[in-house]
Each structure stands twice: as structure tokens, then as C-alpha cells.
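Engineer: Sequence:
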Amino acid sequence: MTVEKNAPLWQGAEWVARQDDVPWGELEGKTVAITGATGLIGKTLVLSLMAHNELAADPARSVKILALVRNEARATSMFGEGGDVTILHWDASAPSTEGYPKADYVIHCANMTDSASFIEHPIEVIETTTNGARSMLEYARHVGARVLVLSTMEVYGQYKSEDPIAEDQGGFLDAMSVRNSYPEAKRLDEALVAAYASEFGVSATVARLAQTFGPGVAYDDRRVFAEFARDCVEGKDITLLTTGEKRNMYLSTGDAATGLLTVLTKGEPGRAYNVANDDTICSIREMAEQVADRFGDGCTHVEVKVDTEAAKRFRKGDLLRLDTTAARSLGWSPKIGLMDMYSRMIDQWKCDGKGC
56 MTVEKNAPLW QGAEWVARQD DVPWGELEGK TVAITGATGL IGKTLVLSLM
106 AHNELAADPA RSVKILALVR NEARATSMFG EGGDVTILHW DASAPSTEGY
156 PKADYVIHCA NMTDSASFIE HPIEVIETTT NGARSMLEYA RHVGARVLVL
206 STMEVYGQYK SEDPIAEDQG GFLDAMSVRN SYPEAKRLDE ALVAAYASEF
256 GVSATVARLA QTFGPGVAYD DRRVFAEFAR DCVEGKDITL LTTGEKRNMY
306 LSTGDAATGL LTVLTKGEPG RAYNVANDDT ICSIREMAEQ VADRFGDGCT
356 HVEVKVDTEA AKRFRKGDLL RLDTTAARSL GWSPKIGLMD MYSRMIDQWK
406 CDGKGC
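The opening residue of the sequence shown carries number 56 in my numbering; numbering runs sequentially from there.
Do not take every clue at face value.
[Unchecked claim] Here are the computed lysine-lysine pairs in the DSSO-like style, where the Cα-Cα straight-line distance is at most 30 Å: (1) Lys301 with Lys321; (2) Lys360 with Lys119; (3) Lys157 with Lys405; (4) Lys60 with Lys85; (5) Lys301 with Lys60; (6) Lys360 with Lys321; (7) Lys409 with Lys215; (8) Lys409 with Lys390; (9) Lys291 with Lys360; (10) Lys360 with Lys390; (11) Lys85 with Lys119; (12) Lys119 with Lys60; (13) Lys390 with Lys119; (14) Lys215 with Lys405; (15) Lys409 with Lys321; (16) Lys360 with Lys85; (17) Lys291 with Lys157; (18) Lys321 with Lys119; (19) Lys157 with Lys119; (20) Lys215 with Lys119; (21) Lys215 with Lys291; (22) Lys360 with Lys60.
Don't read these hints as lab results, they were simulated from the structure.
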């Protein structure tokens, strides 16, 4: 393994491995396949399982990991060679699982989550999203694995109420808006999960994640939360392209890992679970101001320069508060707050020599 042991990314993985509310007993001695294993959530899961194996120090309790990736060299540099991780080539644009070893569990993490791509490359977004999910559902069907497909809070569309939204509720989502290429594709993914569970008896579930970040986010990530942090690190002002009134919920990578492992092992087949941190809800402007105050060293200020063209890449709607009762009923609860998420992400950037 090439991730530094003193790096926030590995420390976060060890934190996950120490969480007693994760059903580790269901995973020990089993094989877990993870698509998008070098992406943010995928690598957090792989490293967390590796950390569990290291802490367990017992081969009988180890979890075997199949890391499904497009770039095998990148995965090797991240996870090392040999050991409990087997790196396999897999591409959502032309997915094939022919010749793959049998897995007991599958977590389908591979997604295009860059909102600019939803507008710039909508066909690619739709095809890779749906083809990838179908591929892993077929694989799970043939090997008899439980499978968890990651989805997004954006499937709820524009929800008018300020009440928490449960998994069986939803708002308006304009299918003719190119920006919605991603949430519409994820809605189809969810329909496929329900179909495979119903028609073929596949133990398939869905996790609808709030926007997730923490250590491991790329320094050049184009999403708003990363732009705010990068501006602080570089001593620049934060510029809002909207009035910043939209309110969102967020989730740390660590809490995402514990939540996903819980839903994977304990979730009811054919249903979805919201995974989010209720305590993180705030407006975009409030978040920008908190980040500037905490990490800007007095040099970063928040200014508003509304750009209607640039704002097209952002989700429509003013508020989306997810009801996490179902996930919590499985024994899961989030523990890492919003500013801690930022702190760990920025610390990892500095560890990587970024923004210094």
C-alpha cells in the first residue's frame, strides 16, 4: 500500500475500521467487489477494508477486495500489489465481468459526478451510468452476491416542502433539462435495482447519498465545496455564482463508508436508503462564510457575482432535507461534522503538496 500511514486519507480509513456499528462480522472471510475503486468513495471503501484487515490481524477475519477500475496502474500505485486487494480492469462505458472471481458482495460506486459533465457530456453520463449499473446487477445475479448501487439525492428533483423527504417521496424532475442527465440516469439505475430484485430475486439495494466529501477529493475538483476550500488555501476570495440561498445536506467520506457497509449487509432488497448527515444542512452562502472564517486566515471573503449561464450546472430547487430514519434503523448514524469534513480534505491536500 502506498498511501502514507500518517495521511488523513489512511487515518480516515482506520477511523472507519474502528467503528463498532459497522457489521464487520458479515464481511469477514468474504469477498467484496467495488467498482470505481480509485474514485473518492470507492478508494475510501477499499482503504477502510484494508485498514480493517490490518487491525484484525487475523487472516480468517480478513475481507478480500476486488478493486474494479479503468486505470490499473493508478490503482496499483494507490493500493499496492498483492495482499488482500485484487485489481481488475472494468470500464463503465463498455462493462464486462467475464472471467471475474466470485464475490459475496458488490458495491457499485463508479459514477460521473462532475456537474459540468452533466451538461457537456450528457449522453456519456447516461450511457455509463446505466450500463455500469446493469453490468454489476448481472454479475451479482450470476454469482449470487448482494449488491449495493450508489444513487444520489438529486433523484428527488425539486421538492417543495421543508419537511424531511423519505425514500418513497419525490419532487419534479424535468426530463428535458440536459442538466438532469445524471439524476434521470440514476432513477433508471434504481428502477433496475427494483426490477432485478423482483424478477430475478437479486439481493439488491440502493443508497441515496447526500453530497459527499473529505480526504481524497482531488485538488482540481470542480464542485462548489472544493472550490470554496481551494480559494481559502490559495488566499483568494470565494465568489458565489448564485445568491447562495439553496440549502443542502452533506456527508463525510468516513460516514459514507460506514453507511454503505451497513446498507450493503443489512438493507432490505429492492429498496432505497437515504444516507446523509442531518446536522450539516446549510445554505451555500452559509457554508462559504463558515469555510472562509475557519480556513481563510482572514484573507478570504465571500462575494456574490451572479452568473446565470454558469449556474446552469447547479441543481435546481431551494431545499433538500433527507429523512435518514431508514438507514438509522439499521444501526447506522453519521458522526463527522461539516467543518471537520473540510479540515480533513484540506489536510490531505497539504499532505499531497497541494496549495502549499
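Engineer: None of the hints should be skipped; say for each whether it holds.
Structural biologist: Hints, one by one, checked against the model:
For the hint pairing lysine 301 with lysine 321, the CA-to-CA distance comes to about 33 Å; that exceeds 30 Å, so the pair is violated. Straight-line distance between C-alpha atoms of lysine 360 and lysine 119 comes to about 50 Å, which puts the hinted pair past the 30 Å bound. Restraint check for lysine 157 and lysine 405: the C-alpha separation of about 39 Å exceeds 30 Å, so the hint is violated. The suggested pairing of lysine 60 with lysine 85 holds, with an alpha-carbon distance near 25 Å, which does not exceed 30 Å.
Distance check on the hinted pair: lysine 301 and lysine 60 sit about 38 Å apart at the alpha-carbon level, beyond 30 Å; violated. For a cut-off of 30 Å, the pair hint linking lysine 360 to lysine 321 is broken: about 46 Å separates their Cα positions. Annotation: proposed proximity of lysine 409 to lysine 215 is violated, straight-line Cα distance about 40 Å (limit 30 Å). At roughly 27 Å between alpha-carbon atoms, lysine 409 and lysine 390 fall within 30 Å of each other, so this suggested pair holds.
Using a Cα cut-off of 30 Å, the hinted pair lysine 291 and lysine 360 holds, with the two alpha carbons roughly 15 Å apart. The straight-line distance between the Cα atoms of lysine 360 and lysine 390 is roughly 34 Å, outside the 30 Å bound, and the hint therefore fails. Proposed proximity of lysine 85 and lysine 119 is supported: the alpha carbons are some 6 Å apart, at most 30 Å. Only pairs whose Cα atoms come within 30 Å are accepted, and lysine 119 paired with lysine 60 is accepted, the gap being roughly 21 Å.
For the hint linking lysine 390 to lysine 119, the alpha-carbon distance of about 27 Å falls within 30 Å, and the restraint holds. Distance hint between lysine 215 and lysine 405 is unfulfilled; the C-alpha atoms sit about 40 Å from each other, more than 30 Å. Straight-line distance between C-alpha atoms of lysine 409 and lysine 321 comes to about 39 Å, which puts the hinted pair past the 30 Å bound. In summary, the hint linking lysine 360 to lysine 85 is not supported, as the alpha carbons are separated by about 52 Å, beyond the 30 Å threshold.
For the hint linking lysine 291 to lysine 157, the alpha-carbon distance of about 50 Å lies beyond 30 Å, and the restraint is violated. A C-alpha spacing of about 19 Å is found between lysine 321 and lysine 119, which places the hinted pair at or below 30 Å, so the restraint holds. Under the criterion of a C-alpha separation no larger than 30 Å, the hint pairing lysine 157 with lysine 119 is consistent with the structure, at around 11 Å. Between lysine 215 and lysine 119, the direct Cα distance comes to roughly 44 Å. Violation of the 30 Å bound is thereby established for this hinted pair.
Between the alpha carbons of lysine 215 and lysine 291 the distance comes to roughly 35 Å, so the proposed pair goes past 30 Å and is violated. Simply put, lysine 360 and lysine 60 have alpha-carbon atoms about 42 Å apart, too far for the 30 Å limit, and the pair is violated.
In terms of the numbered hints stated before, the structure departs from hints 1, 2, 3, 5, 6, 7, 10, 14, 15, 16, 17, 20, 21, 22, listed from lowest to highest.
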